[in-house]
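**Student:** Sequence:
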Amino acid sequence: MAAASPEGSSLYDQIRRADPEDVKKRQQAINERIHATFQQSQKRLASLIDENSTLPTTVSSVTVLGAPNTRHSFLKGIVDPLLTANRDRPYTQSELVQEASKAASKLSKFDIFHPPISVYIDKAEKSDPNTTPTDVAIYYSVKEKSKVFAKTGTDVGNAEGSAYANVQWRNLFGGAEALDLNASLGTRTRSSYQGSLDTPVNGNPNLKFQVGGVQSTVQKVFASHEEMQRGGWGKLRYLSPSGSLHEFGYNGYWRQLTGLAQNASPTVRNDAGDTFKSSLSHTWINDRRDNPILPTSGYYTKTNNEIAGLGPLAGDVAFLKSEIETQQALSIPIPGVKGHSGVSLTTGFRAGMLYPLTLNGASNPSMSRINDRFQLGGPTDVRGFRLSGLGPRDGLDAVGGDVYAAASANLLLPIPKVGIDKPLRLQAFVNGGRLLALRSKEKEGAMSSEEVQQTMKATFSELGNGLPSMSAGVGLVYAHPAARFELNFSLPLVLRKGEEGRKGLQFGIGINFL
Numbered sequence: 001m002a003a004a005s006p007e008g009s010s011l012y013d014q015i016r017r018a019d020p021e022d023v024k025k026r027q028q029a030i031n032e033r034i035h036a037t038f039q040q041s042q043k044r045l046a047s048l049i050d051e052n053s054t055l056p057t058t059v060s061s062v063t064v065l066g067a068p069n070t071r072h073s074f075l076k077g078i079v080d081p082l083l084t085a086n087r088d089r090p091y092t093q094s095e096l097v098q099e100a101s102k103a104a105s106k107l108s109k110f111d112i113f114h115p116p117i118s119v120y121i122d123k124a125e126k127s128d129p130n131t132t133p134t135d136v137a138i139y140y141s142v143k144e145k146s147k148v149f150a151k152t153g154t155d156v157g158n159a160e161g162s163a164y165a166n167v168q169w170r171n172l173f174g175g176a177e178a179l180d181l182n183a184s185l186g187t188r189t190r191s192s193y194q195g196s197l198d199t200p201v202n203g204n205p206n207l208k209f210q211v212g213g214v215q216s217t218v219q220k221v222f223a224s225h226e227e228m229q230r231g232g233w234g235k236l237r238y239l240s241p242s243g244s245l246h247e248f249g250y251n252g253y254w255r256q257l258t259g260l261a262q263n264a265s266p267t268v269r270n271d272a273g274d275t276f277k278s279s280l281s282h283t284w285i286n287d288r289r290d291n292p293i294l295p296t297s298g299y300y301t302k303t304n305n306e307i308a309g310l311g312p313l314a315g316d317v318a319f320l321k322s323e324i325e326t327q328q329a330l331s332i333p334i335p336g337v338k339g340h341s342g343v344s345l346t347t348g349f350r351a352g353m354l355y356p357l358t359l360n361g362a363s364n365p366s367m368s369r370i371n372d373r374f375q376l377g378g379p380t381d382v383r384g385f386r387l388s389g390l391g392p393r394d395g396l397d398a399v400g401g402d403v404y405a406a407a408s409a410n411l412l413l414p415i416p417k418v419g420i421d422k423p424l425r426l427q428a429f430v431n432g433g434r435l436l437a438l439r440s441k442e443k444e445g446a447m448s449s450e451e452v453q454q455t456m457k458a459t460f461s462e463l464g465n466g467l468p469s470m471s472a473g474v475g476l477v478y479a480h481p482a483a484r485f486e487l488n489f490s491l492p493l494v495l496r497k498g499e500e501g502r503k504g505l506q507f508g509i510g511i512n513f514l
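First residue of the sequence shown: 1, per UniProt numbering; consecutive thereafter.
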């Protein structure tokens with residue numbers, strides 16, 4: 001039975017009649033006392049850690065719990081450096097915490113464990129007669145990811161529809177290996193089957209080796225033929241401490257131009273048939289953007305160099321192919337708006353060169369083929385033009401070029417009442433570019449090395465002669481975690497003879513846009 005208050009009313013009635021300001025003050029006082037108590041405990045804990053941070057500590061054992069499918073030798077190579085027996089002196093406690101955290105971070109980079117990885121430091125077992133008062137044991141608690149991952153779906157975009165299936169085996173041999181198998185069927189990519197095996201080198205998550213193979217048949221709608229490709233590659237990837245990626249690779253592909261249309265141009269017919277490319281390549285990527293799909297700040301730089309036709313596996317094409325790509329994103333402050341306004345300006349630039357080289361035993365350089373030339377124009381690079389709508393043409397076919405440059409400026413604005421946290425933006429853009437061939441239709445036949453050098457200089461001079469092909473437009477951008485979607489209304493501003501612009505709506509899906 002509830003006790004009556006002095007006024008004869010219940011406790012509930014007293015609370016209901018209480019002054020809200022008085023209740024607020026009391027609650028504030030309670031919160032302040034709780035906060036003060038928490039602050040004092042944190043200071044005591046920090047003081048305790050600081051006082052003991054320089055105490056000598058030795059590690060007698062390191063144990064990884066929850067990894068039954070991972071090789072003991074693989075884990076041993078990662079955690080053994082923590083053992084004091086492998087060092088010339090004991091740890092301080094602060095050093096031990098840092099080194100234990102580094103090892104946990106290294107384990108997480110292999111992408112075979114669910115985050116987070118828990119780290120526990122405890123006193124060593126006293127039952128072991130070899131333990132000392134300074135000995136501690138380190139325990140890592142992990143949970144392995146599923147060994148097999150499968151995914152199927154459909155893709156629609158860039159005038160192509162396709163269905164795909166992907167199967168991935170993680171931690172295949174217990175050493176963070178990954179086997180990827182992909183198959184897709186589509187309207188333009190008739191069929192594509194690809195497999196690759198990745199493995200870390202010497203237990204280093206930042207150094208990986210990949211070997212793979214592919215067989216594909218792709219319809220080149222812009223040049224009246226299909227290209228069948230079979231081959232394989234080997235790649236060594238290195239992620240530097242600064243965060244930039246280096247990739248060194250060897251590629252060997254047998255290519256076949258087949259399925260020619262009845263109206264295929266003489267250029268396409270001359271390049272029809274079989275060819276084998278054997279090349280060495282290097283790719284460097286330095287990505288400092290806050291978001292690779294929809295950046296608002298930072299920069300991105302990529303270079304790619306490929307040399308084909310050298311050494312005993314020369315193949316029957318020889319060239320040096322170089323490309324560079326940069327992007328800069330700037331957040332634009334708006335007066336009266338605190339923090340990020342959602343308005344940003346992104347500028348991009350791409351350029352490339354394909355320089356013919358001389359095959360072993362040949363007297364003249366090997367001129368480029370349509371398989372290897374650059375193509376320019378479409379919803380993911382120079383918007384406002386049809387796919388491969390820029391550059392040299394032979395009849396109805398876009399036959400590609402040997403030198404190109406393209407640039408773009410994009411202003412991204414948040415949509416009213418949608419909010420800047422949503423991955424949806426309005427876009428206004430202007431972009432342009434030029435694609436030129438080293439050898440014109442009027443100058444067929446072989447060229448000497450001196451003629452190639454002179455013609456290349458003249459082509460670079462022509463690249464900056466006059467206005468490039470240009471377009472402008474507005475549209476919507478949606479940044480999905482897997483890809484970027486754009487729906488733009490474009491208007492060609494400068495259109496050279498023979499090039500194909502696209503006035504009106506244009507839809508594009510991709511990861512990397514100009």
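Everything labelled a hint here was simulated from the structure, so no lab data went into it.
Each hint should be verified, as a subset may be incorrect.
Calculated pairs, SDA-like style, for lysine to any residue (alpha carbon to alpha carbon, straight line, at most 20 angstroms) [what the hints assert, rightly or not]:
| no. | residue 1 | residue 2 |
| --- | --- | --- |
| 1 | K147 | D180 |
| 2 | K102 | G252 |
| 3 | K76 | D180 |
For each label pair, taking beta carbons as the anchor points, the in silico distance ranges come out as [said to hold, decoys possible]:
| no. | residue 1 | residue 2 | range |
| --- | --- | --- | --- |
| 4 | I415 | S242 | 52 to 62 angstroms |
| 5 | G195 | L260 | 24 to 34 angstroms |
| 6 | R26 | T92 | 44 to 54 angstroms |
| 7 | V119 | A165 | 49 to 59 angstroms |
Nothing here was measured: the structure is a model prediction, and the numbers come from that model.
All C-beta atoms, glycine included, are put in the ideal place defined by N, C-alpha and C.
**Student:** Hint by hint, say whether it matches the structure.
**Tutor:** Hints, verified against the model:
| no. | hint | in the structure |
| --- | --- | --- |
| 1 | K147 - D180 | holds, 12 angstroms |
| 2 | K102 - G252 | violated, 39 angstroms |
| 3 | K76 - D180 | violated, 26 angstroms |
| 4 | I415 - S242: 52 to 62 angstroms | violated, 36 angstroms |
| 5 | G195 - L260: 24 to 34 angstroms | holds, 30 angstroms |
| 6 | R26 - T92: 44 to 54 angstroms | holds, 46 angstroms |
| 7 | V119 - A165: 49 to 59 angstroms | violated, 38 angstroms |
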